[in-house]
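Student: One letter stands for each residue in the lines below.
Protein chains: 2
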Amino acid sequence: MSPWHAAQPGDHLGVIDTPSLILDLDAFERNLQRMADALRGHDVRLRAHSKSHKCPEIALRQVARGAVGICCQKVSEAAVFVDAGIQDVLITNEVMGDVKLRHLAALASRARIGVLVDHPQQVQALALAAKAHAVTLDVYVEVNVGANRCGVAPGDEAVRLALQIAASPTLRFAGLQCYHGPAQHLRAPQDRAAAIGSAAQAARMTRQAIEACGVAVERVTGGGTGSFVHERDSGIFDEIQAGSYVFMDRDYGDNQRGEGDVAFEHALFVRTTVMSRATATHAVVDAGLKASSVDSGMPTVWQRGDLRYTKAADEHGVLVTADAAALSLGDQLMLVPGHCDPTVNLYDELICVRGERVEALWPIAARGALL
Amino acid sequence: MSPWHAAQPGDHLGVIDTPSLILDLDAFERNLQRMADALRGHDVRLRAHSKSHKCPEIALRQVARGAVGICCQKVSEAAVFVDAGIQDVLITNEVMGDVKLRHLAALASRARIGVLVDHPQQVQALALAAKAHAVTLDVYVEVNVGANRCGVAPGDEAVRLALQIAASPTLRFAGLQCYHGPAQHLRAPQDRAAAIGSAAQAARMTRQAIEACGVAVERVTGGGTGSFVHERDSGIFDEIQAGSYVFMDRDYGDNQRGEGDVAFEHALFVRTTVMSRATATHAVVDAGLKASSVDSGMPTVWQRGDLRYTKAADEHGVLVTADAAALSLGDQLMLVPGHCDPTVNLYDELICVRGERVEALWPIAARGALL
Numbered sequence: 090m091s092p093w094h095a096a097q098p099g100d101h102l103g104v105i106d107t108p109s110l111i112l113d114l115d116a117f118e119r120n121l122q123r124m125a126d127a128l129r130g131h132d133v134r135l136r137a138h139s140k141s142h143k144c145p146e147i148a149l150r151q152v153a154r155g156a157v158g159i160c161c162q163k164v165s166e167a168a169v170f171v172d173a174g175i176q177d178v179l180i181t182n183e184v185m186g187d188v189k190l191r192h193l194a195a196l197a198s199r200a201r202i203g204v205l206v207d208h209p210q211q212v213q214a215l216a217l218a219a220k221a222h223a224v225t226l227d228v229y230v231e232v233n234v235g236a237n238r239c240g241v242a243p244g245d246e247a248v249r250l251a252l253q254i255a256a257s258p259t260l261r262f263a264g265l266q267c268y269h270g271p272a273q274h275l276r277a278p279q280d281r282a283a284a285i286g287s288a289a290q291a292a293r294m295t296r297q298a299i300e301a302c303g304v305a306v307e308r309v310t311g312g313g314t315g316s317f318v319h320e321r322d323s324g325i326f327d328e329i330q331a332g333s334y335v336f337m338d339r340d341y342g343d344n345q346r347g348e349g350d351v352a353f354e355h356a357l358f359v360r361t362t363v364m365s366r367a368t369a370t371h372a373v374v375d376a377g378l379k380a381s382s383v384d385s386g387m388p389t390v391w392q393r394g395d396l397r398y399t400k401a402a403d404e405h406g407v408l409v410t411a412d413a414a415a416l417s418l419g420d421q422l423m424l425v426p427g428h429c430d431p432t433v434n435l436y437d438e439l440i441c442v443r444g445e446r447v448e449a450l451w452p453i454a455a456r457g458a459l460l
Numbered sequence: 090m091s092p093w094h095a096a097q098p099g100d101h102l103g104v105i106d107t108p109s110l111i112l113d114l115d116a117f118e119r120n121l122q123r124m125a126d127a128l129r130g131h132d133v134r135l136r137a138h139s140k141s142h143k144c145p146e147i148a149l150r151q152v153a154r155g156a157v158g159i160c161c162q163k164v165s166e167a168a169v170f171v172d173a174g175i176q177d178v179l180i181t182n183e184v185m186g187d188v189k190l191r192h193l194a195a196l197a198s199r200a201r202i203g204v205l206v207d208h209p210q211q212v213q214a215l216a217l218a219a220k221a222h223a224v225t226l227d228v229y230v231e232v233n234v235g236a237n238r239c240g241v242a243p244g245d246e247a248v249r250l251a252l253q254i255a256a257s258p259t260l261r262f263a264g265l266q267c268y269h270g271p272a273q274h275l276r277a278p279q280d281r282a283a284a285i286g287s288a289a290q291a292a293r294m295t296r297q298a299i300e301a302c303g304v305a306v307e308r309v310t311g312g313g314t315g316s317f318v319h320e321r322d323s324g325i326f327d328e329i330q331a332g333s334y335v336f337m338d339r340d341y342g343d344n345q346r347g348e349g350d351v352a353f354e355h356a357l358f359v360r361t362t363v364m365s366r367a368t369a370t371h372a373v374v375d376a377g378l379k380a381s382s383v384d385s386g387m388p389t390v391w392q393r394g395d396l397r398y399t400k401a402a403d404e405h406g407v408l409v410t411a412d413a414a415a416l417s418l419g420d421q422l423m424l425v426p427g428h429c430d431p432t433v434n435l436y437d438e439l440i441c442v443r444g445e446r447v448e449a450l451w452p453i454a455a456r457g458a459l460l
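Chains Z and G, in that order, give the protein sequences. In this text, residue positions in the first sequence follow the working numbering: the first is 90, and each later residue adds one. In this text, residue positions in the second sequence follow the working numbering: the first is 90, and each later residue adds one.
Source of the hints: derived by calculation from the structure; they are not laboratory data. Predicted model, so just to flag it, every value in this text is computed and none were measured. Check before you lean on any hint, since a few could be wrong.
Beta-carbon label-pair distances, calculated as ranges [as the list claims (entries may be wrong)]:
| # | chain 1 | residue 1 | chain 2 | residue 2 | range |
| --- | --- | --- | --- | --- | --- |
| 1 | Z | 242 | G | 149 | 49 to 55 Å |
| 2 | Z | 118 | G | 242 | 45 to 51 Å |
| 3 | Z | 444 | G | 304 | 45 to 51 Å |
| 4 | Z | 102 | G | 155 | 43 to 49 Å |
| 5 | Z | 104 | G | 123 | 44 to 50 Å |
| 6 | Z | 155 | G | 276 | 52 to 58 Å |
| 7 | G | 102 | Z | 199 | 30 to 36 Å |
| 8 | G | 393 | Z | 118 | 44 to 50 Å |
| 9 | G | 449 | Z | 102 | 39 to 45 Å |
Some chain Z residues flagged as far from chain G (calculated, every beta-carbon gap over 12 Å) [unchecked claim]:
| # | residue |
| --- | --- |
| 10 | 125 |
| 11 | 134 |
| 12 | 393 |
Ideal placement from N, C-alpha and C gives every residue a C-beta, glycine not left out.
Modelling step: build the complete structure from the supplied sequences, incorporating the hints.
Tutor: See the structure below:
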């Protein structure tokens, strides 16, 4: 962690130390409102994904705008958000390991805690942990609806797990996790629609098969920023797990927008300074791959179509420009990160800006919560 | 940060919570020794690069084995290491911005602090900051010896900067930074030798040109883990900036070793648990791209040639195996990260292991020190 803060409330944008992570509060608040508007009148609730922001200040604002609670990927993230007052947390992941299970069960005495399974052994381990802590856990069966990562096949396998959960006195069968991550990054809107159409069909078939055994499927949850309008309109999903909509990133911005898609704005930026201008054709900024994750490609330079960020080293970013006069040493720029989630995870705080002024610093309290 | 530690001293390897960052102390100590051996009898000193480890416990051990001090990339990193007792720190980077310059100059009243320049404006700003704090700064001219990132062209441009520094009463012209990063990752040993041969020639020519003006070039510094034997043997470099040698990573491991190269060992691992085994052909582990940086490619699975880590999502890693019985739910594995520097930067502590036992937890105190 840096021994000093990049900015203080009241500071002008121009004096912020760099590289630093900037949240444009006006754009962020408009994104919150757009999601609330997009779900109004639909029988679908929002469970905001906190793996994108890892920031309790944001989670509390999402709940204040109607989110039922949050989801996250790790037990240690859940612990941070429960500590911050979030009362309903779904860990959208399988959890293995005694230490984690102990923490998970302990959390369930303080908040409503859900978790996923895709194997009978996980159900047994959760049942034992819940019993040892005298708590009840919400357990969802993860169904592979096309992502080919975790999750059992739709149909019979899911039925068997659901029955196993329902038969366990310390577990509550809460529903189906039907998340299709890759679908959200398909560039053409018709491809996203087709992928989620197929996911919805698998979810519907699995739900019917479980209900035919006399076990109610209370909820079908999934969907993210890139595809949620299709889950919303599917008639089978009744909960959406979008997270990145509060920030947007370059990768989501590269999706072609379809007719019904919601126009979220870029609200998250890496502020950076030109530290080297040794040639006329390139400049080097102080934000490299430790400041803006490159797993989904390079960042873009906000409102500077004349500049291309072409290469990232640990602490150097190389910008190419055709115009030698386009940039001076010491100039500050705003980058749109390629992928917001791992970029946020590199910082300890969000510098929240309204217009040209810093309004607040929000701790990224679950940064580095990997366990 | 996770609210609990992944392990405690005395724990057996098998009970460590995951994903977590493991340092094999025996391999690490052998790497320290190998570097000391490789420089013995040469008139070349080691200035260990701390951007790889960000860990004062490691820096202190490097100094104890003969390193003159450390280098780092950021002023905020330098502050962490000076606080930990390191007395000689070179920031191998250009520094722009009033806040940073203030902190830099303040540090120079507590330790020997060096910094790079590649523009006259930087020299002026450093001179003013040093004057305001009544300190002297060591200033090195960064020369572009082939990396094409920062640095002035060899020869005249470097001479002009050196003379400007030498003429400034609050700055000390300390030498030339001649670092060629990309050369270290050239796979064939003869390509690395050729690239550093060319870098050494540029460094020699520049040094002669500056000395012809009556200004002594006290030091020529550069080199890293992948290429340092060539800088060592060049007859012009007298300081080496290797960092990754303490850990090694998959990327450095992919270099073909030449005759004189030193065989450093993998000492840094990401420990991970199999959390999903939904199909016979793949497994999912709990270490994704927030646990092992993928900027230089995927990690490999240590001592498990039968497993391939093929895809990383935020918190999921997909392993492919031809043998359905090769892995069980809950199995723990060790990954060799693709790139050690940004991977270390994802963790708050190193779990230091000797044999099968945890011996210590070392804070990664400069983790996230971006300013």
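Student: Next, verify each hint and record whether it holds.
Tutor: Quick rundown of the hints versus the structure:
no. : hint                        : verdict
1   : Z:242 <-> G:149: 49 to 55 Å : holds, 54 Å
2   : Z:118 <-> G:242: 45 to 51 Å : holds, 49 Å
3   : Z:444 <-> G:304: 45 to 51 Å : holds, 49 Å
4   : Z:102 <-> G:155: 43 to 49 Å : holds, 46 Å
5   : Z:104 <-> G:123: 44 to 50 Å : holds, 46 Å
6   : Z:155 <-> G:276: 52 to 58 Å : holds, 54 Å
7   : G:102 <-> Z:199: 30 to 36 Å : holds, 32 Å
8   : G:393 <-> Z:118: 44 to 50 Å : holds, 48 Å
9   : G:449 <-> Z:102: 39 to 45 Å : holds, 43 Å
10  : 125                         : holds, 25 Å
11  : 134                         : holds, 23 Å
12  : 393                         : holds, 18 Å
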